[in-house]
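Novice: Just so you know, the protein sequences line up as chains A and B, in that order.
Mapping of the first sequence onto our numbering: residues 1 to 800, in sequence order.
Mapping of the second sequence onto our numbering: residues 801 to 856, in sequence order.
There may be inaccurate statements among the hints.
Capping the alpha-carbon separation at 25 angstroms, the derived lysine to aspartate or glutamate pairs in DMTMM-like fashion look like this [unchecked claim]:
1. 132(A) to 171(A)
2. 840(B) to 321(A)
3. 840(B) to 113(A)
4. 299(A) to 833(B)
5. 840(B) to 158(A)
6. 132(A) to 833(B)
7. 132(A) to 832(B)
8. 840(B) to 377(A)
9. 840(B) to 171(A)
10. 398(A) to 374(A)
11. 132(A) to 28(A)
12. 840(B) to 87(A)
13. 398(A) to 321(A)
14. 299(A) to 832(B)
15. 840(B) to 734(A)
16. 840(B) to 374(A)
17. 132(A) to 725(A)
18. 840(B) to 119(A)
19. 398(A) to 326(A)
20. 299(A) to 734(A)
21. 840(B) to 56(A)
22. 299(A) to 171(A)
23. 840(B) to 120(A)
Hints listed in this document are in silico derivations from the structure and should not be mistaken for laboratory results.
One letter stands for each residue in the lines below.
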Amino acid sequence: MKQVDTVTGSVVCAHCGDPCADGAIVVDERSFCCTGCSSVYQILQSHDMCDYYGIDPKAGISQRTPRYGADAYAVLDDPSVMHRFVEFQRDTTIHLRFEIPSMHCASCVWLLDRLDRFDEGVQSSEVDFMRKTVRVVIDTRRTAASNVAMLLSQLGYEPLLHGEGTEAATDHERRLRLRTMYIRIGIAAFAAGNLMMIAAAQYLAVGETIDPTLKRVFDLLSIALAVPVLLYSAAPWYRSAWGALRHRTVNLDVPVALGISTLFVRSVIDIAMGSGEGYLDSFAGLVLFLLVGRLFQQKAFDAVSFDRTYRSFFPLSVRVERQGAEHVVPIDQVSPGDVLHVRNGEVIPCDAVLTSAAAFVDYAFVTGESVPVECSDGALVHAGGRVVGRGARLTAVKNVSQSYLASLWERNGTKTDRRSYMDISDRFGKWFTAFAIAVAVLGLIAWLPDWQMALTVFTAVLIIACPCALTIAAPVTLGTAIGRLSLRGIYVRNAVTLMDLTRITAVVFDKTGTLTEAVHRVQVDHRDLSDEAWQAVQAVAAHSTHPISRSIAGSSVSSNVSDVEEVVGQGIRGTSHGYQVAIGRREFVAPGDNQESDTTVAAWLAVNGQLAGAVRITPTLRSGVRAMIATLRKRLAVVLSTGDSDRDRDVFVDAFGPGQMHFEQRPHEKVATITSAKGTNGRVLMVGDGLNDAAAMAAADASVAVTDGTSTLVPACDVVMPAVELQHLPRLLDYAGIMTSVIKASFIFTVFYNAVGLGLALAGLLSPLITAILMPVSSLIVIGISVFGARFYARRSAWE
Amino acid sequence: MGIMPLLIICSILVAGGFLVAFLWATRNGQYDDMATPSIKMLFDEQRPASSETFQD
């Protein structure tokens, strides 16, 4: 039985759904496109887990791309490496956490939740779909961490193994933090609900006298309910306020802590003296609203991990030749002089010298140059380069932490230094606190001969001046906005970033992978060739591992080729179907031909000694990029700064204008470009994609990293944006601006609202009933403005 | 009116029961991940032999 694509009519792989080439592998009458897919099927079949295919028809992940070798996982059992994946450990029970980027549908969840059926030693496994992680509990007596990673890989869910991995521990902390938050909210909500019920009885009993015993029960119950709120639920504000005071500054949490503690103390005194019902219901409600604001903030900022270093780009381990045998060694244990084997597609972990004949190294992450560099024996290769084509044998000359890449990273300095702008709320908090205390003292003095009234007014002012609505406005607005943006795949580091975006006056773009597609289109000009001759060229090209040859060859197989000769650094020659084909440098394919060289050509083709065509590598602009730049140029300075050579100048000149383009920039030159842009234009936004931009991103006032979705390698930055959204960058800036206005609107509203309350307080009219109405209403209105504003503008002005 | 204290204490006890249930659920990790369970509830453990479901 074959699965057939209803559109094209071709046979599709029963595992991954990709069309099968002619050489489909047939197992149990089902066709598979490659051995990888069929072996995943066989594993599932042998464990009776084929329900996997029934849940989501697009479940399987194509296995055609190479994976880590089996030996890459062995290193996981090394305690120094394994701890990065361990969340929790007790005796022989270990909780491991793996990131699985390829997780994408319900079938994935189904299968990954049932890893215990594949391995005896797995006690349970649990998927977090949003974070694309799986937590696996294993018994180390019966299985090992490497077995689990291996199993995941065999099932097609290759876990992310990179050199950093403190995420397991921080994720555990995050969950505990969130649980504490929920418990604080639960207790505050419980107390607030019951306190309101009790208070309502007293408010409604106007004119009637409440039975004294009942009144006593009410009073004691109220205090008993309020104490946990004061001591536990409101604890974050005391801690934050105390922390600020100890550093001799004032943040917005200081007046909040002052307000809520005054509210509690005054209420208890009122109740004890029998002079009033107290404000305990307002107190619990207030803490509840404040906590809800915090929850918004927490959830939005936990959404994505931003703190990565260059080590996240690196593999965990590398193959090292020692005493004639190949060992898999954690990269930190590599020392100068070690002989390393780096296979196709793997990243070089440290600066090294090439000792095999030739290799192609793709430095896209380091320099931004998109075309792989050809290196010959004895050449120095840098950490961060990706070996393309053939594997390479290298001798390490530095250890991992001393490599060029590490130094590049360290030169960035600390990112926190440039955050000279304090959080908008904290700036506001400073003068707000001063103002509130001043008014309270003035009120006290004004009523002075009457001590009791004076103290009443003093506390009432502190209570009403508690800037609860202000503390809620910024986190709720920005939290909602960040949440809305993350629905579109745009992740913002924190609220301050969104504010920073509104003050941008210049934008600096990186080119490769940012403005252009990460993979450049190889354009082969073969108009002069007959179809057969072109097939011969492809057949010869398929013989080479050179990236340009690979792209000429496409999917064709190297058959019927003879007399192949590959000259390192020159090109490849061969005969196929009677055609003599040469691909490579001009001197190589057509010796003696002295035409001026064309720098836009990456390789030449010759058939039977005649120059027959040229291979050009042209960058393709992402869709909408041109219009986006035009929009930005209307109000901002726009600059291009790229590591690529200027062969593509023509593609960009009309978009950027002649004076605004900088080519062949090394990372530190990009930093200089940013610095000079800062000098002339003010605040600079850097938009880039690779590690080569990391230094520039840190130097800029704000940074956006563009990802292709396929790559999980995102440098440290403020905003992560999928490539398809890049055309909406101006809208993102607009949206950030509108969010600032929404927060300001909330601020203005609360200032007026509190002024009215303040008037009542100073007149000594702030009764518990009025407080019970005033305070929650103001919080609710602010939450309303914030949430509605963020959502409304996300829908209207920005996108849909 | 004598019934009032009793009623209030009863109502607080009931609410307290819910609070305890909430605390228990939170500590157990019920609120850790709100997205995945919504996918998991669609799975049917009693699916018949797997080979049948494989064919469309």
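Novice: Does each hint hold? Answer for all of them.
Specialist: Hints, one by one, checked against the model:
About 12 angstroms separates the Cα atoms of residue 132(A) and residue 171(A), which keeps this hinted pair within 25 angstroms; it holds. Note on residue 840(B) and residue 321(A): the hinted pairing is violated, with a Cα-Cα distance of about 46 angstroms set against a maximum of 25 angstroms. Simply put, residue 840(B) and residue 113(A) have alpha-carbon atoms about 9 angstroms apart, close enough for the 25 angstroms limit, and the pair holds. Restraint check: the Cα-Cα separation between residue 299(A) and residue 833(B) comes to about 12 angstroms, which is no more than 25 angstroms; the hinted pair holds.
The suggested pairing of residue 840(B) with residue 158(A) holds, with an alpha-carbon distance near 21 angstroms, which does not exceed 25 angstroms. With a CA separation close to 11 angstroms, the supplied pair residue 132(A) and residue 833(B) stays within the 25 angstroms bound. Between residue 132(A) and residue 832(B), the direct Cα distance comes to roughly 14 angstroms. Compliance with the 25 angstroms bound is thereby established for this hinted pair. Using a Cα cut-off of 25 angstroms, the hinted pair residue 840(B) and residue 377(A) is violated, with the two alpha carbons roughly 54 angstroms apart.
About 22 angstroms separates the Cα atoms of residue 840(B) and residue 171(A), which keeps this hinted pair within 25 angstroms; it holds. The hinted pair formed by residue 398(A) and residue 374(A) meets the criterion: a straight-line CA distance of about 21 angstroms does not exceed 25 angstroms. Between residue 132(A) and residue 28(A) the alpha-carbon distance is near 32 angstroms, which puts this suggested pair outside the 25 angstroms criterion. Between the alpha carbons of residue 840(B) and residue 87(A) the distance comes to roughly 23 angstroms, so the proposed pair stays at or under 25 angstroms and holds.
This hinted pair checks out: residue 398(A) and residue 321(A) have alpha carbons roughly 16 angstroms apart, not beyond 25 angstroms. Taking the CA atoms of residue 299(A) and residue 832(B), the gap is about 11 angstroms. The hint holds against a cut of 25 angstroms. A hinted pair counts as satisfied when its Cα atoms are at most 25 angstroms apart, and residue 840(B) with residue 734(A) does not qualify at roughly 39 angstroms. About 49 angstroms separates the Cα atoms of residue 840(B) and residue 374(A), which puts this hinted pair outside 25 angstroms; it is violated.
The hinted pair formed by residue 132(A) and residue 725(A) meets the criterion: a straight-line CA distance of about 21 angstroms does not exceed 25 angstroms. Distance check on the hinted pair: residue 840(B) and residue 119(A) sit about 21 angstroms apart at the alpha-carbon level, within 25 angstroms; holds. Annotation: proposed proximity of residue 398(A) to residue 326(A) holds, straight-line Cα distance about 20 angstroms (limit 25 angstroms). This hinted pair checks out: residue 299(A) and residue 734(A) have alpha carbons roughly 24 angstroms apart, not beyond 25 angstroms.
Our distance criterion of 25 angstroms between C-alpha atoms is met by residue 840(B) and residue 56(A), whose separation comes to about 13 angstroms. Distance hint between residue 299(A) and residue 171(A) is fulfilled; the C-alpha atoms sit about 13 angstroms from each other, no more than 25 angstroms. Distance check on the hinted pair: residue 840(B) and residue 120(A) sit about 23 angstroms apart at the alpha-carbon level, within 25 angstroms; holds.
Comparing the model with each numbered hint stated earlier shows that hints 2, 8, 11, 15, 16 do not hold.
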